[in-house]
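Number of protein chains: 2
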Amino acid sequence: MKIRKRSDCPVSSTLDILGDKWSLLIIRDIMFQGKNTYGDFAQSAEKIATNILADRLMLLDEAGIVEKKDHPESKAKFYYRLTEKGIDLMPLLMEVILWGDKYMDISAEARIFARQIRKDKGRLLKALSVDLRKQRTKERARTSLPATKAPRTRTT
Amino acid sequence: MKIRKRSDCPVSSTLDILGDKWSLLIIRDIMFQGKNTYGDFAQSAEKIATNILADRLMLLDEAGIVEKKDHPESKAKFYYRLTEKGIDLMPLLMEVILWGDKYMDISAEARIFARQIRKDKGRLLKALSVDLRKQRTKERARTSLPATKAPRTRTT
DNA sequence: AAATGTACTTGCAAAATGCAAGTGAAATTT
DNA sequence: AAATTTCACTTGCATTTTGCAAGTACATTT
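Order-wise, the sequence lines are chains A and B.
Residue numbering for the first sequence follows numbering that gives the first Met the number 0, starting at 0 and increasing by one per position.
Residue numbering for the second sequence follows numbering that gives the first Met the number 0, starting at 0 and increasing by one per position.
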């Protein structure tokens, strides 16, 4: 599977990488669901096929959006985390969530999260970005491993 | 081609409709390039295959994102325009452009447009939305038919 | 009336996706 | 320490989607 650049348009070029039904769901899982392993991703509600999952993780790694690291607590697992390039997709994902909230039939839990985004996107963006960056430091184990389904927002 | 909903997540549900390499390019063309006909879309730099184009226009119509109308100036053409639901995708598209601008190799023209978005997203959003809504009124012919490649922004 | 423009449709090959069943190393259970 | 289970994939194959080239039908132009 090869990625070909179709034009020099930013929309087209971004879709060359992310324009499929699965890539953004993996990013969503890391970004908002506290997921970090192959097994975590495989268990999501959308039931991605394992070969597709392996393929997308490889492509997202090659694209510099996720990084594959040794898992800090088990040699049997790998730990996938977002790079800065991946974290920078958060505003895009938030707009996807806002549009989805407005026009699609979604869960009550998702509506609550959308409302938080609508209320103060900038603050939530910053808070969640900080959390994701902690996955890139020693603080990881303490703060972020327990998954937060609807991430609580700190006022401080 | 049937759309199946994979879960009640807003990201997943949005991708069920827009998660492919072509749909958002058609929306981009209407939204930012002043394109409105099948022939316009077929001529874009990415060279979409005509069968795919016909299929996506049908799906976007079914999804309520675009509307197919008689062309005001020719019985040989149809006029595709965005619905409110489609216009509401503008913030999402703008974030795609901003991310693409930051990380992809794109044209100078696109970089200029990205800079306009970065400078005052809210104002540009409003100005362009107004223009798109004019396609839905009698004012259409006067204001919007000439395509604006890098849309000029009015200060008033 | 003939040529061209416009919006598609059709047929077929190639590629991507989806499903089920493996594989091998690490962790856990017995 | 042997057996079982967990984990991260890989493989094979059927189905679906995409891409390409050519064709069709109606509208407009010449």
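If you are wondering where the hints come from, they were derived from the structure by calculation, not from laboratory data.
One should not assume that every hint holds.
[As the list claims (entries may be wrong)] Far from chain B, by Cβ distances over 12 Å, these chain A residues were calculated:
#1 Asp7
#2 Asp28
#3 Tyr37
#4 Asp54
#5 Ala62
#6 His70
#7 Trp98
#8 Ile105
#9 Asp119
#10 Ser128
[As the list claims (entries may be wrong)] Taking lysine to aspartate or glutamate pairs in the EDC-like style, the calculated list, with each CA pair at most 20 Å apart, reads:
#11 A:Lys84 to A:Glu72
#12 B:Lys34 to B:Asp7
#13 B:Lys84 to A:Asp104
#14 A:Lys101 to B:Asp104
#15 B:Lys46 to A:Glu45
#16 B:Lys20 to B:Glu72
#17 B:Lys120 to B:Asp130
#18 A:Lys101 to B:Asp100
#19 B:Lys1 to A:Glu108
#20 A:Lys20 to B:Asp7
#21 A:Lys101 to B:Asp7
#22 B:Lys118 to A:Asp100
#23 A:Lys46 to B:Asp87
#24 B:Lys74 to B:Asp87
#25 B:Lys4 to A:Asp100
#26 A:Lys4 to B:Asp60
#27 A:Lys4 to B:Asp104
#28 A:Lys118 to B:Asp87
Predicted model only: the values in this text are computed from it and were never measured.
Cβ coordinates follow ideal geometry from the N, Cα and C atoms, glycine included.
Hints and how they fare:
With 12 Å as the threshold on Cβ separation, the claim that Asp7 of chain A sits away from chain B is violated: the shortest Cβ distance comes to roughly 4 Å. Some Cβ of chain B comes within 12 Å of the Cβ of Asp28 of chain A; the nearest lies about 10 Å off, and the non-interface call is violated. Separation of Tyr37 of chain A from chain B is adequate, the least Cβ-Cβ distance of about 19 Å exceeding the 12 Å criterion. Once the 12 Å rule is applied to beta carbons, Asp54 of chain A is consistent with being away from chain B; the minimum gap is 16 Å.
Interface exclusion of Ala62 of chain A from chain B breaks down, the closest Cβ pair being 9 Å apart, not more than 12 Å. Consistency note on His70 of chain A: stated as away from chain B, and its beta-carbon is indeed over 12 Å from all of that chain's, at 25 Å minimum. A beta-carbon of chain B is positioned within 12 Å of the beta-carbon of Trp98 of chain A; the least distance is around 6 Å. A cut-off of 12 Å between C-beta atoms contradicts the statement that Ile105 of chain A is not in contact with chain B; the least separation is 5 Å.
Look at Asp119 of chain A: its CB is around 16 Å from the nearest CB on chain B, clear of 12 Å, so calling it non-interface holds up. With a cut of 12 Å on Cβ distances, Ser128 of chain A stays outside the contact zone with chain B, its closest approach being about 14 Å. In summary, the hint linking Lys84 of chain A to Glu72 of chain A is not supported, as the alpha carbons are separated by about 26 Å, beyond the 20 Å threshold. Our distance criterion of 20 Å between C-alpha atoms is broken by Lys34 of chain B and Asp7 of chain B, whose separation comes to about 33 Å.
With a C-alpha separation of about 14 Å, the suggested pairing of Lys84 of chain B with Asp104 of chain A holds against the 20 Å cut-off. Note on Lys101 of chain A and Asp104 of chain B: the hinted pairing is violated, with a Cα-Cα distance of about 32 Å set against a maximum of 20 Å. Restraint check: the Cα-Cα separation between Lys46 of chain B and Glu45 of chain A comes to about 31 Å, which exceeds 20 Å; the hinted pair is violated. Distance hint between Lys20 of chain B and Glu72 of chain B is unfulfilled; the C-alpha atoms sit about 31 Å from each other, more than 20 Å.
Only pairs whose Cα atoms come within 20 Å are accepted, and Lys120 of chain B paired with Asp130 of chain B is accepted, the gap being roughly 15 Å. Pair hint Lys101 of chain A plus Asp100 of chain B does not hold up; C-alpha atoms about 27 Å apart against a cutoff of 20 Å. Between the alpha carbons of Lys1 of chain B and Glu108 of chain A the distance comes to roughly 27 Å, so the proposed pair goes past 20 Å and is violated. Restraint check for Lys20 of chain A and Asp7 of chain B: satisfied, since their Cα atoms lie roughly 15 Å apart, inside the 20 Å limit.
For a cut-off of 20 Å, the pair hint linking Lys101 of chain A to Asp7 of chain B stands: about 13 Å separates their Cα positions. Using a Cα cut-off of 20 Å, the hinted pair Lys118 of chain B and Asp100 of chain A is violated, with the two alpha carbons roughly 27 Å apart. For the hint pairing Lys46 of chain A with Asp87 of chain B, the CA-to-CA distance comes to about 29 Å; that exceeds 20 Å, so the pair is violated. Taking the CA atoms of Lys74 of chain B and Asp87 of chain B, the gap is about 29 Å. The hint is violated against a cut of 20 Å.
Taking the CA atoms of Lys4 of chain B and Asp100 of chain A, the gap is about 15 Å. The hint holds against a cut of 20 Å. The suggested pairing of Lys4 of chain A with Asp60 of chain B is violated, with an alpha-carbon distance near 27 Å, which exceeds 20 Å. For the given pair, Lys4 of chain A sits about 10 Å from Asp104 of chain B by alpha-carbon distance, which is consistent with the 20 Å threshold. Restraint check: the Cα-Cα separation between Lys118 of chain A and Asp87 of chain B comes to about 18 Å, which is no more than 20 Å; the hinted pair holds.
Comparing the model with each earlier hint shows violations of hints 1, 2, 5, 7, 8, 11, 12, 14, 15, 16, 18, 19, 22, 23, 24, 26; every other hint is respected.
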